[in-house]
Amino acid sequence: MTTTIANEFAVVTVDKVYTRNGERLEIASPRLGFRIQLDPLELESLSWQTKESFSRLLQDPFGPGH
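Position 38 of the sequence shown, counting from 1, maps to 37 under numbering that gives the first Met the number 0, and the rest follow consecutively.
The set of hints was computed from the structure by calculation and includes no laboratory data.
If you anchor each label on the Cβ, the simulated ranges turn out as follows:
1) Met0 / Glu51: 27 to 35 Å
2) Pro60 / Asn20: 26 to 34 Å
3) Met0 / Lys50: 24 to 32 Å
4) Leu56 / Glu7: 15 to 23 Å
5) Arg19 / Gln58: 32 to 40 Å
In silico SDA-like cross-links for lysine to any residue, where the CA-CA straight-line distance does not exceed 20 Å:
6) Lys50 / Pro60
7) Lys50 / Asn6
8) Lys15 / Thr3
9) Lys15 / Met0
10) Lys15 / Ile35
11) Lys15 / Leu40
As the structure is a computational prediction, the values presented were derived from the model and not from experiment.
Built from N, CA and C at the ideal position, the CB exists for glycine as well.
Please model the entire structure based on the sequences and the hints provided.
And the structure:
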């Protein structure tokens, strides 16, 4: 089941997917064409981050190469 989360700045879709290596959460940016699959440890590591970590990521708001 795909879930879409959007606001005036971004649209992302989130899906639970099954791979040979187990379950993953797939996060996609349909407008920009980016997609990533994260395993449970990678997802958990997001909770360890500070707001400043995400602010640094947003210095290039349209992703690499844009």
